[in-house]
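Enquirer: From first to last, the protein sequence lines are chains A and B.
Counted from 1, the first sequence has number 1133 at position 49 by our numbering; the numbering is strictly sequential.
Counted from 1, the second sequence has number 276 at position 78 by our numbering; the numbering is strictly sequential.
Simulated from the structure, these hints should not be mistaken for laboratory data.
Warning: the hint list may mix true and false statements.
Beta-carbon label-pair distances, calculated as ranges [stated by the list, open to error]:
| hint | chain 1 | residue 1 | chain 2 | residue 2 | range |
| --- | --- | --- | --- | --- | --- |
| 1 | B | Ser317 | A | Asp1397 | 48 to 58 Å |
| 2 | B | Arg255 | A | Glu1643 | 54 to 64 Å |
| 3 | A | Pro1675 | B | Gln280 | 32 to 42 Å |
| 4 | A | Asp1389 | B | Asn209 | 58 to 68 Å |
| 5 | B | Glu293 | A | Phe1245 | 50 to 60 Å |
These numbers come from a predicted model, not from an experiment.
Built from N, CA and C at the ideal position, the CB exists for glycine as well.
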Amino acid sequence: MALDDSKREFRFVGTRPDRPDGLDKVTGRARFGADMNAAGMLHGAILRSPHAHARIVRIDTSKAEALADVKAVVTRADFAEVPFKPGLAGEVWNVLENVMAGDKALYDGHAVAAVAATSALAARDALKLIEVEYEELPYVTDVNAAMRQDAPVIREGAADFSVPDDMHPNVVRRHESGHGDVEAGFAEADLVIEDSFETEATHQGYIEPHACLGQLGKDGKGELWCCTQGHWIVQKTCAALLGIETANLRVTASEIGGGFGGKTTVFIEPVALALSRKANRPVKIVMSRAEVFRATGPTASASMDIKVGMKKDGTITAAQGEFRLQGGAFPGAPGDMTAMCAFAPYDLKNVHQVGYDVMTNRPKQAAYRAPGSPMAAFAVESVVDELCRKLDLDPIEVRLKNAAREGTKASYGPRFERIGLVETLEAAKAHPHYAAPLKPGQGRGISCGFWFNHGGETSVSLALSEDGSVQLMVGTPDIGGSRASMALMAAEVLGIPYENIRVTIADTASLGYNDVSHGSRVTYASGLATIKAAKDAVRKLSQRAAAKWGIPEDAVKWEDGCAVPSGPNAGDFDPLPLAEITAEMGQTGGPISGHFEATPEGAGVSFATHIVDAEVDRETGATKVVRYTVIQDAGKAIHPTYVEGQFQGGAAQGIGWALNEEYIYGEDGRLQNAGFLDYRIPVASDLPMIDTVIVEVPNPGHPFGVRGVGETSICPPLAAIANAVSAAAGVRMRHLPMSPPRTLAALKARDA
Amino acid sequence: MSRVHVTTTVNGDETEFLCDPRETLLDCLRDRLNLTGAKEGCGTGDCGACSVTLDGRLVCSCLVLGVEAEGREIGTIEGVAQGDELHPLQRKFIEHAALQCGICTPGILVAAKALLEKSPDPTEEEVRYWLAGNLCRCTGYDKIIRAVMDTAAEMREAV
Ligand code: FES
Ligand code: FES
Chain A
1085 MALDDSKREF RFVGTRPDRP DGLDKVTGRA RFGADMNAAG MLHGAILRSP HAHARIVRID
1145 TSKAEALADV KAVVTRADFA EVPFKPGLAG EVWNVLENVM AGDKALYDGH AVAAVAATSA
1205 LAARDALKLI EVEYEELPYV TDVNAAMRQD APVIREGAAD FSVPDDMHPN VVRRHESGHG
1265 DVEAGFAEAD LVIEDSFETE ATHQGYIEPH ACLGQLGKDG KGELWCCTQG HWIVQKTCAA
1325 LLGIETANLR VTASEIGGGF GGKTTVFIEP VALALSRKAN RPVKIVMSRA EVFRATGPTA
1385 SASMDIKVGM KKDGTITAAQ GEFRLQGGAF PGAPGDMTAM CAFAPYDLKN VHQVGYDVMT
1445 NRPKQAAYRA PGSPMAAFAV ESVVDELCRK LDLDPIEVRL KNAAREGTKA SYGPRFERIG
1505 LVETLEAAKA HPHYAAPLKP GQGRGISCGF WFNHGGETSV SLALSEDGSV QLMVGTPDIG
1565 GSRASMALMA AEVLGIPYEN IRVTIADTAS LGYNDVSHGS RVTYASGLAT IKAAKDAVRK
1625 LSQRAAAKWG IPEDAVKWED GCAVPSGPNA GDFDPLPLAE ITAEMGQTGG PISGHFEATP
1685 EGAGVSFATH IVDAEVDRET GATKVVRYTV IQDAGKAIHP TYVEGQFQGG AAQGIGWALN
1745 EEYIYGEDGR LQNAGFLDYR IPVASDLPMI DTVIVEVPNP GHPFGVRGVG ETSICPPLAA
1805 IANAVSAAAG VRMRHLPMSP PRTLAALKAR DA
Chain B
199 MSRVHVTTTV NGDETEFLCD PRETLLDCLR DRLNLTGAKE GCGTGDCGAC SVTLDGRLVC
259 SCLVLGVEAE GREIGTIEGV AQGDELHPLQ RKFIEHAALQ CGICTPGILV AAKALLEKSP
319 DPTEEEVRYW LAGNLCRCTG YDKIIRAVMD TAAEMREAV
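Based on the sequences and whatever the hints tell you, model everything.
Expert: This is how it looks when you write it as structure tokens:
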């Protein structure tokens, strides 16, 4: 059977058909997390700590339990002791501690108890009757303050071996990497700039709050419906937290109303199951928006020091950075990834980076689109911009001169395979945007960005029906149109129309393990698995044709949806279409399916270059983005419209991060802006159209050349906008967001 | 608390429900009438995911009490298509890929429909300001604005 392993000519891939779930989503029919009900269902609500850090002395739930409407109350005592199973300590314990506080409440919003009642209002009323006695403790919410020797300790013993003994116990991980001799490199430079930068924590800001419906019986068997980026991780974690066997919990992923990394763990799901087990009825929990802000994954905040040396001709001689990331009351802030991404776009002889993961009294950080990389790019690309300005060099030419290419030893260690950074820079240079005249008061900024992309554990199953239609089951929730790309890839291999393939996000009982939809892995890994599963089916279809014709299997090839005799048998028989083979499959050996399970390792890294024009209002300090262009390497765009959508969405989130969004903590250690009114994400009237250029430098690790596209798009905007603001207003903004008061203060300081 | 009986018209059909006087119209639509097309993104009037029309006027149903529906006419996303005939906005949203996750889509469609009924030939700026109360976190709005503008053009040609 002749099947090209890597394909470059396509019939379906690269077209732009309607997405299969479009109709459900424009008619209101699609079922999201909060849209499911069950007979006899109760409503759950969670009581949260009002303190940033406090010992829980006593919880008295008796008054709430006495209410007729209340059917169950749970506290930490209702969860399993972790580790319940070998190998599940560590992160699972952290998740448990986050889901329901143990001895201490560690941040404002930390869950301490929960009730299930006959209505949502009754549940909320009952929370008011739960009495919690707290002993308030000193707290810290700032990353630099948390590293000082006199800082309150969040938890002793959370640090691992990577942290030197003389550091504060709040520093829990340290990463160091690089190569060459940076001191020698700085000595060669004509200009060295050293500067410090800060970014505030932001929230993923998905419009759908976390929601779930759980049922767990006394027999340890349960069902869970929830909005998640990955239901197998929910299954595994909930089972561990409740002390049941993984296979006894079936988890179904609802449609998901945005995630961006924030729905890759559990918050309310184990609570609903614990309440259900106690009440012996299904329990639904839906978070309020304030709960989403106070208790679910903001990104880490960062404090960073950067030093870069450059020659007059633009050659970078050395670069170093220190990145301190605050990730809330648990280990996990991406100090390592921030450091590794920082200088990745550059081919450097001398580079050194250190990253720290630091705990504070804030909610446990969660991944947010390329965790760590946007902050690092903000700091590094601001310094590179400043060097270009001082040395009077074109920022694109300087980046081209120093760009990482195939074979470059990456700043974080490995050698790059075929990558597309240079192609994005060339496309930026040639783009009309780069040459367009600017109006007075406007400035232009550019920045590059980098993300690793990810493979991850993946299972896909593809079942053929008698009439030749195909059911494709994947295990990665569809966050942004991935059903369409899966169907396109299957259609490409099978040679049958896109419309004949129905893609389902299978539940945990219907398919093997799948990692979450994160790391820009879906089109890469589930896509690769879909292609391999379809090839597996084609192999079986070809066998049936070979048997029918009485010729060897390897004398059959698959062309345009048909088995075709080849080699010495070429032309002996008419092509046999897929549907004719499946029509007879009951008599010729039984059902035909294709499967694939693996952990693909060939996710290709990806780069982007963004160009932005901004203007700054000198009176209010408000910055407006007036033109925006995203140029990114997608490897191969399976459904180009949805690739553009990822580029645009990432850019818009980056614009919000750069200009407005931030977690604001008061002196009392409490979050001051837990709502969309005060935590302001971009609205339609804030933004211009966002132009896109899809660069395609195929990833050698994917049969069709796919690289993930979801995350890289959020890496350049912070720096690109800061650079545009610097060009427009002559102020270098070192602290994000560049909100009007901060920019106004910088303008005033400059003029003073 | 004792429940209140409410008689109202939803998408042209007369209907009735019992609700707690504290329940919002959004709660009543979703939990009492099982019309889950309108979504709750914030519950405070900031996201527009719960957009419906009340006697023809665009409102955030999370800011209206269920009891206020008495004797009024409610329009929700479930009533935007006529049978199996999609509204041009719904068709164009699919065609332009103006949705990624789709959670904002019902609210945006209801709001955009209200705009085009008032203003059949809106400028881009008008569309952007009209939809400024409808948050979308996935798309950056580009394809949404294009889909609305394209629908308006098509509907103008059709008359
Ligand atoms: S839910 Fe009504 S405006 Fe957000
Ligand atoms: S498509 Fe996800 S919020 Fe708009």
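Enquirer: Take the hints in turn and mark each one as holding or not.
Expert: Here's how the hints hold up against the structure:
About 56 Å separates the C-beta atoms of Ser317 (chain B) and Asp1397 (chain A), a value consistent with the hinted range of 48 to 58 Å. Taking the beta carbon of each, Arg255 (chain B) and Glu1643 (chain A) are about 59 Å apart, inside 54 to 64 Å as hinted. Distance hint check: the CB atoms of Pro1675 (chain A) and Gln280 (chain B) are about 41 Å apart, consistent with the given range 32 to 42 Å. A hinted range of 58 to 68 Å for the beta carbons of Asp1389 (chain A) and Asn209 (chain B) is consistent with their spacing of about 59 Å.
Between Glu293 (chain B) and Phe1245 (chain A) the beta carbons are some 55 Å apart, a value that agrees with the proposed interval 50 to 60 Å.
The structure fails none of the hints (numbered hints given earlier).
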